[in-house]
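Model the full assembly from the supplied sequences, consistent with the hints where possible.
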Amino acid sequence: MGKNPDSYLLYEYMDKVPFTVRMKVLLDAPVDRAMLTDAAQEAIGRLPYFSVKVGLDEGQNYTLEHNDRPIAVLPEKDERLALGSDAVNGHLFAITYRENCVFFNYSHALCGAAGGLFWAKATLYQYMIKKYGPLEAPGDVKLPGTPVADGELFFPDADELPDDEPIAHYMGGDTNLHLGRFLKYLFNPFAKDCYYYQVEIPVKDFMDYAARIDGSPNTILTAMMFKASSRLFKEKKGTFLAGRIAADYRKDIGAELSYRDFVRFAHVRYEWSMKDESIQKLNIRARGALIAQNQPELSFERFRRLDKAHKGIDGQPNLKAKKQFAAKNSTFRSDPRDTYTVSYAGKTDWGGMGEHIKGFYTITDGDLMIEVNALKDTFCITFQLINKDQKPLDLFCQVLRQENIPYSVSERYTRYMPKIELPA
Numbered sequence: 001m002g003k004n005p006d007s008y009l010l011y012e013y014m015d016k017v018p019f020t021v022r023m024k025v026l027l028d029a030p031v032d033r034a035m036l037t038d039a040a041q042e043a044i045g046r047l048p049y050f051s052v053k054v055g056l057d058e059g060q061n062y063t064l065e066h067n068d069r070p071i072a073v074l075p076e077k078d079e080r081l082a083l084g085s086d087a088v089n090g091h092l093f094a095i096t097y098r099e100n101c102v103f104f105n106y107s108h109a110l111c112g113a114a115g116g117l118f119w120a121k122a123t124l125y126q127y128m129i130k131k132y133g134p135l136e137a138p139g140d141v142k143l144p145g146t147p148v149a150d151g152e153l154f155f156p157d158a159d160e161l162p163d164d165e166p167i168a169h170y171m172g173g174d175t176n177l178h179l180g181r182f183l184k185y186l187f188n189p190f191a192k193d194c195y196y197y198q199v200e201i202p203v204k205d206f207m208d209y210a211a212r213i214d215g216s217p218n219t220i221l222t223a224m225m226f227k228a229s230s231r232l233f234k235e236k237k238g239t240f241l242a243g244r245i246a247a248d249y250r251k252d253i254g255a256e257l258s259y260r261d262f263v264r265f266a267h268v269r270y271e272w273s274m275k276d277e278s279i280q281k282l283n284i285r286a287r288g289a290l291i292a293q294n295q296p297e298l299s300f301e302r303f304r305r306l307d308k309a310h311k312g313i314d315g316q317p318n319l320k321a322k323k324q325f326a327a328k329n330s331t332f333r334s335d336p337r338d339t340y341t342v343s344y345a346g347k348t349d350w351g352g353m354g355e356h357i358k359g360f361y362t363i364t365d366g367d368l369m370i371e372v373n374a375l376k377d378t379f380c381i382t383f384q385l386i387n388k389d390q391k392p393l394d395l396f397c398q399v400l401r402q403e404n405i406p407y408s409v410s411e412r413y414t415r416y417m418p419k420i421e422l423p424a
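Every letter in the sequence shown is one number past the one before it in this note's numbering, and letter 73, counting from 1, is 73.
Certain hints may be false.
With beta-carbon atoms standing in for the labels, derived distance ranges [claimed, not checked]:
{"#": "1", "residue 1": "Asp32", "residue 2": "Lys77", "range": "17 to 27 Å"}
{"#": "2", "residue 1": "Gly55", "residue 2": "Asp276", "range": "55 to 65 Å"}
{"#": "3", "residue 1": "Glu79", "residue 2": "Lys391", "range": "26 to 36 Å"}
{"#": "4", "residue 1": "Glu256", "residue 2": "Asp164", "range": "38 to 48 Å"}
{"#": "5", "residue 1": "Leu56", "residue 2": "Gly352", "range": "41 to 51 Å"}
Read the hints as simulated data drawn from the structure, not as lab findings.
All values reported here derive from a predicted model rather than from experimental measurement.
All C-beta atoms in this analysis are idealised placements derived from N, C-alpha and C, irrespective of residue type, glycine included.
Shown next, in the form of structure tokens:
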């Protein structure tokens with residue numbers, strides 16, 4: 001039996017490195033649990049690749065088997081959810097809710113933001129037509145009863161991709177300025193001091209600003225985060241500050257319709273001597289880095305590394321060895337260590353649901369990491385930190401004020417990232 005490529009990231013799972021994601025959707029009315037439960041079952045029926053449970057075969061390989069038990073729809077609690085457990089019917093996907101908030105909790109092994117939106121949109125659309133009647137459907141929503149397209153399931157063959165060498169690689173190296181913060185997080189990422197804040201910026205104000213300085217959300221936020229970081233850390237000889245920008249490379253490898261996660265990172269290195277430069281100039285530097293690293297050859301190279309890691313895992317004799325190999329050859333952990341991360345998923349098409357959605361936030365692991373989603377009128381930023389020290393957020397907001405960009409900031413929330421229960 002061929003191995004499911006969605007199973008490989010599970011070998012990298014540790015209690016401290018879960019690779020899980022939460023999507024938080026704020027609605028304009030309290031959640032109706034009965035309607036949401038019915039909608040969840042209808043939606044998952046259209047997404048068979050998410051309706052799975054983890055098994056372990058005779059060769060000690062993780063398998064993903066069909067799971068016909070219902071998707072769990074549970075009240076949100078101030079604790080970590082265990083995906084794969086009996087509490088969520090063995091699924092790697094589970095829905096929780098509180099008041100007017102719906103949380104979509106899932107394993108990163110099966111998908112990232114793009115695939116997570118397949119699930120969230122399908123579920124919320126079924127929910128809202130029950131609650132409000134007919135609504136305009138988003139163009140890409142997966143409706144119950146429609147066939148699963150070949151593109152949704154596509155997974156490239158590494159041997160069929162071009163093997164041309166990239167013109168250049170990022171040579172900036174690791175930045176070690178916040179090693180202490182990083183180690184503290186790594187040793188105990190699920191302590192109650194892992195927080196996030198919801199920052200909202202009006203789309204019109206931000207995009208008018210972007211047009212004036214010839215920037216994009218990715219490059220502008222990267223520049224702003226550098227400016228904030230240069231005020232947070234003390235300058236140290238021989239060091240630098242660097243941001244990384246999440247880049248979806250599905251289109252490069254012909255998988256643009258796939259639910260699977262194909263992400264690599266573009267890196268922007270800033271020197272201390274640049275800390276007094278304008279955001280406009282810092283934005284130009286970020287644009288230049290993105291242009292230089294926007295090479296399909298880098299995407300092919302990334303996928304071949306992924307394929308090589310998968311084959312290496314297959315070659316190990318037992319589960320322990322597979323996990324050890326996966327950790328040592330992780331494509332994620334081999335990336336350069338940067339100061340901060342910017343991940344922008346782009347504007348989400350919610351169709352007629354948009355009038356009932358008041359906020360949309362992605363919650364992930366990481367420190368000094370911002371996840372950005374765009375609604376029709378609002379950029380929804382999840383600003384993520386590992387402790388109660390709000391100074392990094394305050395410095396970021398200081399930059400927004402200096403650039404005359406209006407914003408609002410929520411209270412502090414605890415992340416409660418899900419863990420995963422796997423067969424041993």
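Going through the hints against the structure:
no. : hint                          : result
1   : Asp32 <-> Lys77: 17 to 27 Å   : holds (19 Å)
2   : Gly55 <-> Asp276: 55 to 65 Å  : holds (57 Å)
3   : Glu79 <-> Lys391: 26 to 36 Å  : holds (28 Å)
4   : Glu256 <-> Asp164: 38 to 48 Å : violated (20 Å)
5   : Leu56 <-> Gly352: 41 to 51 Å  : holds (44 Å)
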